[in-house]
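S.K.: These are the residues of each chain, in order.
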Amino acid sequence: MKMHKIAEVEIQHDIMVANRKLAQRNQKILDKSNVFAVDVLGAIGSGKTSLIEALIQNMGHKIGVIAGDVISKFDAGRFQKYQVPVVGLNTGKECHLDAHLVEHALGDLPLDEIDLLFIENVGNLICPVDFDLGSHLRMVVISVSEGDDTVEKHPLIFKDADLVVINKVDIAEAVGADQEKMVQDVKDLNPDVTVIKSSLKTGEGLEEIIDTLEKVIQKN
Amino acid sequence: MHELSMADAMVKTILDVAEKNKAEEIIEVTIEIGKLTMLNPEQLRFLLDVLSEDTLLQGSKIIINEIPVEIKCNSCDFKGSTDLDDSDHYLAIVVCPQCGERDLEVTAGRECNVQKIKIEKSDEEEEK
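So the protein lines, in turn, are chains A and B. Everything in the first sequence is counted per my numbering, starting at 1 for the first residue and increasing by one. Everything in the second sequence is counted per my numbering, starting at 221 for the first residue and increasing by one.
It should be emphasised that the hints constitute simulated quantities derived from the structure, not laboratory data. Treat the hints loosely; a few may be bogus.
As the list claims (entries may be wrong) - Here are the computed lysine to aspartate or glutamate pairs in the DMTMM-like style, where the Cα-Cα straight-line distance is at most 25 Å: (1) B:Lys255 - A:Asp188; (2) A:Lys81 - A:Asp108; (3) A:Lys215 - B:Asp323; (4) A:Lys153 - B:Glu325; (5) B:Lys232 - A:Asp14; (6) B:Lys341 - B:Asp274; (7) A:Lys28 - A:Glu152; (8) B:Lys338 - A:Asp192; (9) A:Lys28 - A:Asp112; (10) B:Lys255 - A:Glu152; (11) A:Lys32 - A:Asp162; (12) B:Lys281 - B:Asp323; (13) B:Lys299 - A:Glu208; (14) B:Lys336 - A:Asp160; (15) A:Lys93 - B:Asp269; (16) B:Lys292 - A:Asp192; (17) A:Lys187 - B:Asp269; (18) A:Lys153 - B:Glu239; (19) B:Lys281 - A:Asp188; (20) B:Lys281 - B:Glu223; (21) B:Lys336 - A:Asp162; (22) A:Lys197 - A:Glu208; (23) B:Lys292 - A:Glu10; (24) B:Lys242 - B:Glu290.
Stated by the list, open to error - Covered by chain B, per the in silico footprint, the following chain A stretches (three or more residues, Cβ under 8 Å): (25) 8-16; (26) 123-137; (27) 153-163.
Glycine is no exception: its CB is placed at the ideal position from the N, C-alpha and C atoms.
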């Protein structure tokens, strides 16, 4: 007679852990080609693309870019103007990049021809937080126009950041944002992080961002 | 916000394991979600229901256990769970409950784990 039995099967498959493992693999791929990778995070319109454009123009590195977006061709097109290798990653419905998507993009990049890679994440302060990509540094870009309570409202992304850029400080007064409060809020969450106030329009802070990145790259 | 992709990954994992274990029915699924993940358990449950339609998972009992936040303080060596305040549920990762300092590491609360499934299978298959 055919008998039925009940069985309990342990799975213990943590999707975050699986992503982290893939991220570690990505970092090994990057390290093998001596590429330093920066994950650039921030809200829509905070200035991520503009900052990467400024860094491409002002840093003496062989730079490559992974442009992640719901529809990536717009940002990818902006980077292509500078004759740097660009891979657009269409996330479609997804609100964040993950290590698996980045692994594919790495395969499409001439890694031996670059030494610095910017991975522009989808504009979002929430979803990308849990997903390591394998980058060496996480840079979060926010702007004063998002409101000076942005940091308090999205603490996790700042807690995990290695470098925070507070952009568009030239219009802080016009939008009624207290930029010093934003700096302090980041420091409260993440006492060791470097916070730089910038305006990509006036050029304020750009040199400091570049110096900070160079120092970390040299240490790596 | 990304509950759909997470639910999709979970359903795939569950069905894969069920198939490998020759399950004829999935009775129960246990999932662990850390309280600090950007996942809403209710939305996740809804999407798991939607995605399990017409699969072995349809109608299974889904248990979602929320994992509390645990921190380690680098200033006073406090280690342990910390209460989440509903009105400011991130306060726990900001200030050490023991010494009030801010140099903390999160040691638990970011899980998104398919822990186990309870299945029904025939004994004959088991003996193979």
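S.K.: State for each hint whether it applies.
M.R.: We went through each hint and held it up to the structure:
With a C-alpha separation of about 21 Å, the suggested pairing of Lys255 of chain B with Asp188 of chain A holds against the 25 Å cut-off. Proposed proximity of Lys81 of chain A and Asp108 of chain A is supported: the alpha carbons are some 19 Å apart, at most 25 Å. Distance check on the hinted pair: Lys215 of chain A and Asp323 of chain B sit about 23 Å apart at the alpha-carbon level, within 25 Å; holds. The hinted pair formed by Lys153 of chain A and Glu325 of chain B meets the criterion: a straight-line CA distance of about 19 Å does not exceed 25 Å.
With a CA separation close to 13 Å, the supplied pair Lys232 of chain B and Asp14 of chain A stays within the 25 Å bound. Of the supplied pair hints, the one linking Lys341 of chain B and Asp274 of chain B holds, its CA atoms being roughly 19 Å apart against a limit of 25 Å. Of the pairs offered as hints, the one joining Lys28 of chain A and Glu152 of chain A is violated, with about 34 Å between alpha carbons and a cut-off of 25 Å exceeded. This hinted pair does not check out: Lys338 of chain B and Asp192 of chain A have alpha carbons roughly 46 Å apart, beyond 25 Å.
For the suggested pair Lys28 of chain A and Asp112 of chain A, the alpha carbons sit about 14 Å apart, so the restraint of at most 25 Å is met. Taking the CA atoms of Lys255 of chain B and Glu152 of chain A, the gap is about 18 Å. The hint holds against a cut of 25 Å. Taking the CA atoms of Lys32 of chain A and Asp162 of chain A, the gap is about 22 Å. The hint holds against a cut of 25 Å. Using a Cα cut-off of 25 Å, the hinted pair Lys281 of chain B and Asp323 of chain B is violated, with the two alpha carbons roughly 40 Å apart.
Our distance criterion of 25 Å between C-alpha atoms is broken by Lys299 of chain B and Glu208 of chain A, whose separation comes to about 36 Å. The suggested pairing of Lys336 of chain B with Asp160 of chain A is violated, with an alpha-carbon distance near 30 Å, which exceeds 25 Å. For the suggested pair Lys93 of chain A and Asp269 of chain B, the alpha carbons sit about 19 Å apart, so the restraint of at most 25 Å is met. Using a Cα cut-off of 25 Å, the hinted pair Lys292 of chain B and Asp192 of chain A holds, with the two alpha carbons roughly 16 Å apart.
At roughly 42 Å between alpha-carbon atoms, Lys187 of chain A and Asp269 of chain B are farther apart than 25 Å, so this suggested pair is violated. For a cut-off of 25 Å, the pair hint linking Lys153 of chain A to Glu239 of chain B is broken: about 43 Å separates their Cα positions. Simply put, Lys281 of chain B and Asp188 of chain A have alpha-carbon atoms about 42 Å apart, too far for the 25 Å limit, and the pair is violated. Between Lys281 of chain B and Glu223 of chain B the CA atoms are separated by roughly 19 Å; this keeps the pair inside 25 Å, and the hint holds.
In summary, the hint linking Lys336 of chain B to Asp162 of chain A is not supported, as the alpha carbons are separated by about 36 Å, beyond the 25 Å threshold. Proposed proximity of Lys197 of chain A and Glu208 of chain A is supported: the alpha carbons are some 9 Å apart, at most 25 Å. Restraint check for Lys292 of chain B and Glu10 of chain A: not satisfied, since their Cα atoms lie roughly 28 Å apart, outside the 25 Å limit. A threshold of 25 Å between alpha carbons decides the hint, and for Lys242 of chain B with Glu290 of chain B the separation of about 37 Å lies outside it, so the pair is violated.
Taking a C-beta to C-beta cut-off of 8 Å, the segment 8-16 of chain A contributes 9 residues in contact with chain B, enough for the three needed, and the coverage statement holds. A count of 5 residues in the segment 123-137 of chain A with a Cβ less than 8 Å from any Cβ of chain B is obtained; the coverage claim is therefore met, three being the minimum. Look at the segment 153-163 of chain A against chain B: 3 of its residues bring a Cβ nearer than 8 Å to a Cβ of that chain, three or more, so the hint holds.
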